[in-house]
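A.B. asks: First to last, the sequence lines map onto chains H and X.
With my numbering applied, the first sequence covers 1 to 573.
With my numbering applied, the second sequence covers 1 to 287.
It is possible that some hints are incorrect.
[As the list claims (entries may be wrong)] Quick list of the computed label-pair ranges, beta carbon to beta carbon:
hint: 1; chain 1: X; residue 1: Ser149; chain 2: H; residue 2: Ile15; range: 58 to 66 Å
hint: 2; chain 1: X; residue 1: Ala283; chain 2: H; residue 2: Tyr22; range: 32 to 40 Å
hint: 3; chain 1: H; residue 1: Pro26; chain 2: X; residue 2: Ala235; range: 57 to 65 Å
hint: 4; chain 1: X; residue 1: Pro271; chain 2: H; residue 2: Tyr22; range: 48 to 56 Å
hint: 5; chain 1: X; residue 1: Lys10; chain 2: H; residue 2: Val32; range: 16 to 24 Å
hint: 6; chain 1: H; residue 1: Arg27; chain 2: X; residue 2: Ala283; range: 19 to 27 Å
hint: 7; chain 1: X; residue 1: Ala235; chain 2: H; residue 2: Tyr22; range: 39 to 47 Å
hint: 8; chain 1: H; residue 1: Ile15; chain 2: X; residue 2: Gln269; range: 29 to 37 Å
hint: 9; chain 1: H; residue 1: Pro26; chain 2: X; residue 2: Glu9; range: 38 to 46 Å
hint: 10; chain 1: X; residue 1: Glu9; chain 2: H; residue 2: Arg27; range: 53 to 61 Å
[To be verified] Derived, one-sided and incomplete: chain H residues facing chain X with beta-carbon distance under 7 Å:
hint: 11; residue: Arg25
hint: 12; residue: Arg28
hint: 13; residue: Leu31
hint: 14; residue: Leu37
hint: 15; residue: Trp39
hint: 16; residue: Arg41
hint: 17; residue: Gln485
hint: 18; residue: Ser487
hint: 19; residue: Val490
Hint data in this document are derived by calculation from the structure and do not stem from the laboratory.
The structure displayed is predicted, hence computed values, not measured ones.
We put the CB at the ideal spot given by N, CA and C, even for glycine.
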Amino acid sequence: MSFLHPTALWWLAAILVVVLLYWLRPRRVRLVVPSVLLWRRSLREQVRHRPLRRFQRNVLLLLQVLAVAAAALGLARPQLSQSGQDDVVAVVDVGLTLQATDVQPSRFEAARRAAREFLVKVPARRVAVVTAARSARVVQPLTADRWQAVRALQELQATDAASDLEGAVAVARSLSPSAEVHVFSDRAARGVRSHVFGGTLEDVAVTGVVATPLEGGRMRVTVTVHNRTSAPRGVEVSVAVDGRPAARLAGRLAPGAQDSWGVVVPAGLWVEARLSPQDALAATDRYVALAWQLVRPRVLVVGPADPFLERGLQVVAGEVSRQAAPQVAGWPEFDVVVLHRASAPLPPGRYLLVATVPPNLPVRADGEVRGEQIRGQSSTHPLLRFVDLVGVRVSRAWRLLPRAGEVLAEGEVPLLWAYEAEGVRAVLLTFSPSESDLGLRPDFPILLANALDWLAGPAALQLEAGASVSVPAGGVKEAVVHGPQGSVRVRAAAGRFSLPPFDRAGLYVLEAGGTRKVWAVHPATSPRRSHGVSPSAPRRPPGAELWRLLLGLFVALLVAEWWVYRLSPRSST
Amino acid sequence: MLLEPAFLEKLERLRLAARRKTRGPVGERRSRALGRGVEFSDHRAYQVGDEWRYVDWSIYARLDRLFVKLFEEEEEADVHLLLDASASMRFGNPPKLEYAKRLAAALGYVALAGGDRVGAAAVHGDAVRTLPPRRGRAHAHHLFRFLESEQAYGPTNLEEAVRRFVPRRRGVVVALGDLLDPNGFQPFLRRLRHAGLEVFVVHLLAEEDLAPPAQGALRVVDSESGESVDVTVDARMVQEFVLQRDSFLEEVRTFCARDGMVYVRATTQVPVEDLVLRYLRRAGLVT
Numbered sequence: 001m002s003f004l005h006p007t008a009l010w011w012l013a014a015i016l017v018v019v020l021l022y023w024l025r026p027r028r029v030r031l032v033v034p035s036v037l038l039w040r041r042s043l044r045e046q047v048r049h050r051p052l053r054r055f056q057r058n059v060l061l062l063l064q065v066l067a068v069a070a071a072a073l074g075l076a077r078p079q080l081s082q083s084g085q086d087d088v089v090a091v092v093d094v095g096l097t098l099q100a101t102d103v104q105p106s107r108f109e110a111a112r113r114a115a116r117e118f119l120v121k122v123p124a125r126r127v128a129v130v131t132a133a134r135s136a137r138v139v140q141p142l143t144a145d146r147w148q149a150v151r152a153l154q155e156l157q158a159t160d161a162a163s164d165l166e167g168a169v170a171v172a173r174s175l176s177p178s179a180e181v182h183v184f185s186d187r188a189a190r191g192v193r194s195h196v197f198g199g200t201l202e203d204v205a206v207t208g209v210v211a212t213p214l215e216g217g218r219m220r221v222t223v224t225v226h227n228r229t230s231a232p233r234g235v236e237v238s239v240a241v242d243g244r245p246a247a248r249l250a251g252r253l254a255p256g257a258q259d260s261w262g263v264v265v266p267a268g269l270w271v272e273a274r275l276s277p278q279d280a281l282a283a284t285d286r287y288v289a290l291a292w293q294l295v296r297p298r299v300l301v302v303g304p305a306d307p308f309l310e311r312g313l314q315v316v317a318g319e320v321s322r323q324a325a326p327q328v329a330g331w332p333e334f335d336v337v338v339l340h341r342a343s344a345p346l347p348p349g350r351y352l353l354v355a356t357v358p359p360n361l362p363v364r365a366d367g368e369v370r371g372e373q374i375r376g377q378s379s380t381h382p383l384l385r386f387v388d389l390v391g392v393r394v395s396r397a398w399r400l401l402p403r404a405g406e407v408l409a410e411g412e413v414p415l416l417w418a419y420e421a422e423g424v425r426a427v428l429l430t431f432s433p434s435e436s437d438l439g440l441r442p443d444f445p446i447l448l449a450n451a452l453d454w455l456a457g458p459a460a461l462q463l464e465a466g467a468s469v470s471v472p473a474g475g476v477k478e479a480v481v482h483g484p485q486g487s488v489r490v491r492a493a494a495g496r497f498s499l500p501p502f503d504r505a506g507l508y509v510l511e512a513g514g515t516r517k518v519w520a521v522h523p524a525t526s527p528r529r530s531h532g533v534s535p536s537a538p539r540r541p542p543g544a545e546l547w548r549l550l551l552g553l554f555v556a557l558l559v560a561e562w563w564v565y566r567l568s569p570r571s572s573t
Numbered sequence: 001m002l003l004e005p006a007f008l009e010k011l012e013r014l015r016l017a018a019r020r021k022t023r024g025p026v027g028e029r030r031s032r033a034l035g036r037g038v039e040f041s042d043h044r045a046y047q048v049g050d051e052w053r054y055v056d057w058s059i060y061a062r063l064d065r066l067f068v069k070l071f072e073e074e075e076e077a078d079v080h081l082l083l084d085a086s087a088s089m090r091f092g093n094p095p096k097l098e099y100a101k102r103l104a105a106a107l108g109y110v111a112l113a114g115g116d117r118v119g120a121a122a123v124h125g126d127a128v129r130t131l132p133p134r135r136g137r138a139h140a141h142h143l144f145r146f147l148e149s150e151q152a153y154g155p156t157n158l159e160e161a162v163r164r165f166v167p168r169r170r171g172v173v174v175a176l177g178d179l180l181d182p183n184g185f186q187p188f189l190r191r192l193r194h195a196g197l198e199v200f201v202v203h204l205l206a207e208e209d210l211a212p213p214a215q216g217a218l219r220v221v222d223s224e225s226g227e228s229v230d231v232t233v234d235a236r237m238v239q240e241f242v243l244q245r246d247s248f249l250e251e252v253r254t255f256c257a258r259d260g261m262v263y264v265r266a267t268t269q270v271p272v273e274d275l276v277l278r279y280l281r282r283a284g285l286v287t
């Protein structure tokens, strides 16, 4: 038997109150009478000193205690397993707060140990294991081999990610609609049986580090600290740049307060803020961030210069190089290659094509059009996020005839086209910015930024733990990811590298061919993640719920108490 | 002093009435049965064995048939005054035992004045303290002293006490008490009746016996056994108590009537003088 709301068992303490009230009840007035003969006749022979009478005296107390116990047990929602007929899914929380050491050796270890014991003993036909972090993962599908599930449990590790417990429960239920779901976490989940380890967490956390470049080879580092405790806390933050100590910050935070402190330090590639003293949740005491210049992609511009294109790329790209004529050999070193009026067969890679149509893409140019105007555009593609191209006038453009890919903006003919296949990801603008009014519009740099994001991966390389990243392979077959837990090799699939989730905070470096990509991963700033959707209820109850039975028992006990009271209405209270 | 002189004077004029024939030496009290007394009562036909000296020869002379003369026997009776002196007799205003003592003294004095032999017994649980029956007015002094020395204590176990209290001679027994015997009053009275005694029952009750003395949550404790009963006295409980009380009193009255006993119920609120001179006379206990 297990309980859906085990915390309700605290209501059993009310039994003590009932007993206490029984002992503290008003004492009777003692009155000596000639004989109790007539009293006994009136009370149907309820004589106090007889053993049976002594029992009857306590019947009301016993019934009251039983009624309170039944009510408390009913509130705890006990359930009976259906003796091995059901599937059981253990949802193990591997989120950030499970690393807290207020439970020895840690909440996570306690939860894992309990889950292991549970899976060994539970009378179920099949068992499965799902982890709850930023997203749910089925680490062990339903299996009759529970030792396999135990082994899967053994391989689990706590993460620095927020915990989406409700999402994990939904995933667990999706494995088997009739599954009995047990959650092992530091908080209870609604609608399932929860095994809770640890209570309120007293934690002071670094929740943000921003490095902004300044003139003269310096940068300003702003550190945000959140006091999630119920008491004022004095904190000290050590700031390191590229691993070298650079500054120390100190301050005092009121309970529940969040504050930011800034300091100017020598410029570097990455910044680390470390909090002292450490508390029960050490993972939130460290935060790593990248300096701004690393975030922007490296771009190679091939072909004649266009003033609007040049200026725009300088704004949104990190480093812009130029090549007058296409020399394909050097292109893999750049995140994005921009071809402006320069045509060449494209090897796998990421390309922004401006007023040019390469020969090896599923598209061809059928002459030119003049006096064109954009009349419609895609409303969903990420390239056009916050961009309005409708009304852009174009004096001269290629007449594009695509055989694949997606037309994103068009007038009489396609004017903006995107394509991704066979290791090539490309965006094709059929006209030069200087031959339209697009370069004069504020939408142009936004379009460029979106294009570089889409081609080279997200510009925001500061990620929260648990994030999953997929980056274009650019023709490279294999890459290596270096992270806090070591190095992992990944192979390209469908022209992309799908990287394993960044579960632990720290620096992650992807090396693919000649390019490097760096991510700074910080711990979840909010320990709990919720999509605002409660897990759906199981289609049928996994076990027999006993609360109705207990409610009936409670009512029956009250009736019995009333009956006993009526039976001896004046013999006791 | 149990009885005032004025009251004693009034008692001089009373006689204890027995309704059945007693078998003892001739006394001053006249029996309603026929026997060998001094006062002529009737004739009956001569039977073999009758003494010749009772033959009425004048009738023989007139009718030529033998008849014997019958006389009312004047026999003395043993009057036993049986007091329940258990702890429950302490209650009342005046206490039931004090009332019983005065009443017993009065009845004893009446009996002694009538020439009867008067004895007394006080019952404390299964123990009995007795005063042997004696005749004569001088015995009144012993009787009064015996009664005055009695205190209420001990439980009520009337039947067991009566086992020990077996009069050698038949006579009249006047039982005075509240009859609140946990074992029931019936065995006690039945045993007296089977001993061949003419039984007079004076049922004495105090106010505490007639109604619940208080209301609310009570723990009533038996004055004799120490037993306690938790009760919550409300209007319904009072009603139930009164019902049981009336049932009990009716039970006693019916039992006595069925077994030919004279039953008188009195509360201690009624003066002893009134009880003797009015109610006992009306009940036929004294004439």
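A.B. asks: Each hint needs a verdict: does it hold in this structure or not?
C.D. replies: Hints, one by one, checked against the model:
no.: 1; hint: X/Ser149 / H/Ile15: 58 to 66 Å; verdict: 59 Å, holds
no.: 2; hint: X/Ala283 / H/Tyr22: 32 to 40 Å; verdict: 53 Å, violated
no.: 3; hint: H/Pro26 / X/Ala235: 57 to 65 Å; verdict: 20 Å, violated
no.: 4; hint: X/Pro271 / H/Tyr22: 48 to 56 Å; verdict: 50 Å, holds
no.: 5; hint: X/Lys10 / H/Val32: 16 to 24 Å; verdict: 37 Å, violated
no.: 6; hint: H/Arg27 / X/Ala283: 19 to 27 Å; verdict: 46 Å, violated
no.: 7; hint: X/Ala235 / H/Tyr22: 39 to 47 Å; verdict: 27 Å, violated
no.: 8; hint: H/Ile15 / X/Gln269: 29 to 37 Å; verdict: 53 Å, violated
no.: 9; hint: H/Pro26 / X/Glu9: 38 to 46 Å; verdict: 57 Å, violated
no.: 10; hint: X/Glu9 / H/Arg27: 53 to 61 Å; verdict: 55 Å, holds
no.: 11; hint: Arg25; verdict: 9 Å, violated
no.: 12; hint: Arg28; verdict: 4 Å, holds
no.: 13; hint: Leu31; verdict: 5 Å, holds
no.: 14; hint: Leu37; verdict: 5 Å, holds
no.: 15; hint: Trp39; verdict: 5 Å, holds
no.: 16; hint: Arg41; verdict: 4 Å, holds
no.: 17; hint: Gln485; verdict: 74 Å, violated
no.: 18; hint: Ser487; verdict: 82 Å, violated
no.: 19; hint: Val490; verdict: 83 Å, violated
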